[in-house]
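Each protein sequence line maps, in turn, to chains A and B. Sequential numbering of the first sequence, starting at 1, is according to this note's numbering. Sequential numbering of the second sequence, starting at 1, is according to this note's numbering.
Please keep in mind that the hints were generated in silico from the structure rather than gathered at the bench. There may be inaccurate statements among the hints.
[Unchecked claim] The calculated lysine to aspartate or glutamate pairs, modelled on EDC-like cross-linking and capped at a C-alpha distance of 20 Å, are:
| no. | chain 1 | residue 1 | chain 2 | residue 2 |
| --- | --- | --- | --- | --- |
| 1 | A | K206 | A | E5 |
| 2 | A | K184 | A | D28 |
| 3 | A | K54 | B | E126 |
| 4 | A | K103 | B | D84 |
| 5 | A | K65 | A | E27 |
| 6 | A | K184 | A | E7 |
Bear in mind the structure is a predicted one, so any value in this text is a computation, not a measurement.
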Amino acid sequence: MTAVEFERVTVSLGSRVVLSEVSLRLEDGEFIGVLGPNGSGKTTLMRAILGLVKPSAGSIKVLGKPARRGNAAAGYMPQQRQSVRSLRLSGWDFVASAVNGHKWGLPGARAAERKEIDWALATVGARDLARRPLSETSGGERQRLLLAQCLLGRPRLLLLDEPLLNLDPHHQRVVVQLVRQLQKELAMTVLFSAHEINPLLGALDKVLYLGGGRAALGGVDEVITGPVLSRLYGSEIEVVRIGGRIFVMSGAHDLEKSEHRHDAHL
Amino acid sequence: MLTYDFMVNAFLASGIVAVVAGIVGFFLVLRGQTFAGHALSHVGFAGATGAVLVGLPPLWGLVVFTVGAGLGMGVLGERLSGRDVAIGIILSLSMGLGLLFLHFYTAYATQVTALLFGNVLGVDSETLWTLLLLGAVSLAALAVIARPLLFASIQPELAEAKGVSLQLVSLLFLAIVALTVAECTQIVGVLLVFTLDGGPGGRGGTMDLSARPRRGARRDPGARRGLDRRHARLLHRLADQLLDHGPQRRRLLRQPAALTPPGKPAHYQLVRPCYLTGGCTRA
Numbered sequence: 001m002t003a004v005e006f007e008r009v010t011v012s013l014g015s016r017v018v019l020s021e022v023s024l025r026l027e028d029g030e031f032i033g034v035l036g037p038n039g040s041g042k043t044t045l046m047r048a049i050l051g052l053v054k055p056s057a058g059s060i061k062v063l064g065k066p067a068r069r070g071n072a073a074a075g076y077m078p079q080q081r082q083s084v085r086s087l088r089l090s091g092w093d094f095v096a097s098a099v100n101g102h103k104w105g106l107p108g109a110r111a112a113e114r115k116e117i118d119w120a121l122a123t124v125g126a127r128d129l130a131r132r133p134l135s136e137t138s139g140g141e142r143q144r145l146l147l148a149q150c151l152l153g154r155p156r157l158l159l160l161d162e163p164l165l166n167l168d169p170h171h172q173r174v175v176v177q178l179v180r181q182l183q184k185e186l187a188m189t190v191l192f193s194a195h196e197i198n199p200l201l202g203a204l205d206k207v208l209y210l211g212g213g214r215a216a217l218g219g220v221d222e223v224i225t226g227p228v229l230s231r232l233y234g235s236e237i238e239v240v241r242i243g244g245r246i247f248v249m250s251g252a253h254d255l256e257k258s259e260h261r262h263d264a265h266l
Numbered sequence: 001m002l003t004y005d006f007m008v009n010a011f012l013a014s015g016i017v018a019v020v021a022g023i024v025g026f027f028l029v030l031r032g033q034t035f036a037g038h039a040l041s042h043v044g045f046a047g048a049t050g051a052v053l054v055g056l057p058p059l060w061g062l063v064v065f066t067v068g069a070g071l072g073m074g075v076l077g078e079r080l081s082g083r084d085v086a087i088g089i090i091l092s093l094s095m096g097l098g099l100l101f102l103h104f105y106t107a108y109a110t111q112v113t114a115l116l117f118g119n120v121l122g123v124d125s126e127t128l129w130t131l132l133l134l135g136a137v138s139l140a141a142l143a144v145i146a147r148p149l150l151f152a153s154i155q156p157e158l159a160e161a162k163g164v165s166l167q168l169v170s171l172l173f174l175a176i177v178a179l180t181v182a183e184c185t186q187i188v189g190v191l192l193v194f195t196l197d198g199g200p201g202g203r204g205g206t207m208d209l210s211a212r213p214r215r216g217a218r219r220d221p222g223a224r225r226g227l228d229r230r231h232a233r234l235l236h237r238l239a240d241q242l243l244d245h246g247p248q249r250r251r252l253l254r255q256p257a258a259l260t261p262p263g264k265p266a267h268y269q270l271v272r273p274c275y276l277t278g279g280c281t282r283a
């Protein structure tokens with residue numbers, strides 16, 4: 001079974017071509033790390049899978065059906081925005097706002113929906129966050145709540161956009177382990193975008209590396225190599241492995257690190 | 001006090017307006033659109049005076065113009081967020097248009113204070129029924145869109161992915177806001193609609209009555225509403241000055257005794273009565 005299938009997909013935002021004739025097949029039940037420099041199309045790829053961006057050419061299939069908006073089989077965690085941080089909602093209400101949020105009517109959860117919310121909170125280990133206001137939670141705790149929100153409706157495909165942003169190394173590890181564990185327990189396909197490969201090493205099944213409108217899919221050792229990345233970046237790239245960690249270098253410059261730092265200041 | 005019909009009507013009208021504005025204002029503050037709501041009241045001013053100029057009831061002009069502008073803002077949708085300057089220009093333009101219409105229709109000029117500051121004591125039972133109807137329509141419409149509105153306000157990207165049309169929700173919400181503004185304007189006036197719309201919603205969050213969405217939530221008020229606050233302060237000062245030179249002030253000055261509050265010594269005169277805050281300055 002194929003979770004996501006791209007066939008010669010071209011996506012443009014305005015006049016900029018983000019993905020150019022990309023073809024790939026993501027198998028069901030895999031943990032896939034989505035990597036690449038800023039503007040390489042990580043977010044656009046996810047938005048295209050969700051049907052929020054229409055490809056100008058080619059076709060996208062999600063779980064065998066054409067990509068469309070409001071697909072209940074796909075869970076999504078957007079890149080975290082400042083606004084969520086200052087909300088005074090309790091964790092429970094925050095998660096609850098997403099349950100059937102697309103239906104007309106008054107807010108408020110029915111019995112079956114309450115059960116679903118409790119299940120999602122328990123699954124990510126966020127039961128104790130249910131009563132606390134969102135503004136008083138830490139970055140790692142908020143990430144758990146957002147993850148609980150993704151699990152509502154039991155999706156088979158999880159799209160996580162930069163869940164490690166602004167987290168310290170310890171919390172990064174906790175989030176990656178939690179997602180890996182959920183992915184195995186619930187037999188989901190996970191697309192996990194990140195700036196750096198190192199926090200994901202050990203949890204990954206495959207890497208999807210984006211750059212220059214192109215994509216490379218495969219195991220870590222197949223994709224994170226000098227020749228493949230040089231082709232994606234369009235310049236000479238060297239991959240250095242030290243003590244089980246991987247550094248992507250251009251000359252004497254650590255590329256992934258600098259991308260990360262740049263984004264943290266935005 | 002309640003033996004007078006006009007007082008009963010005043011309390012009923014203020015009550016209706018307060019409830020509707022409070023509920024709509026909660027979402028307005030949550031979405032950071034208080035300034036847009038404020039601008040709608042100024043558009044309504046141009047609409048009301050324009051309607052009078054062509055011989056229509058001012059309420060029609062008020063409703064048509066505010067709802068039209070609200071729908072326009074809704075169509076612009078996301079592009080409008082953070083466009084405080086553009087909203088400010090529209091606001092000033094409509095205020096200017098309103099004054100221009102008044103200039104062409106001088107016979108109506110005495111009613112301008114009623115439009116600007118509202119006329120809570122001049123509510124007749126017919127207006128009361130209109131208010132009740134408009135209020136019921138606003139709240140009923142809000143009840144229909146409340147769920148996707150809350151979702152789209154808290155997490156727009158996720159809501160979009162789950163099939164919520166952000167533009168449709170924004171459009172419907174601003175139409176409701178426009179209707180509420182048209183309603184409030186008749187009672188509290190163009191200049192104070194902002195306080196009624198933004199005040200309770202913002203207050204509910206800052207006081208942290210509860211962390212539940214139905215009872216209070218907020219974004220950091222300082223961050224987004226700096227311009228709104230400055231604007232509100234300016235308007236208050238403007239209103240004070242207008243009143244200083246207004247007919248009430250002149251009437252009071254002709255009767256010095258009226259300026260001394262009962263039971264207070266003579267030097268405790270109201271030198272500059274401030275109608276808006278209810279306070280007074282001492283001589």
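Status of each hint after checking the structure:
no. : hint           : result
1   : A/K206 / A/E5  : 15 Å, holds
2   : A/K184 / A/D28 : 12 Å, holds
3   : A/K54 / B/E126 : 52 Å, violated
4   : A/K103 / B/D84 : 31 Å, violated
5   : A/K65 / A/E27  : 14 Å, holds
6   : A/K184 / A/E7  : 28 Å, violated
Going through the hint list in order, the structure does not satisfy hints 3, 4 and 6.
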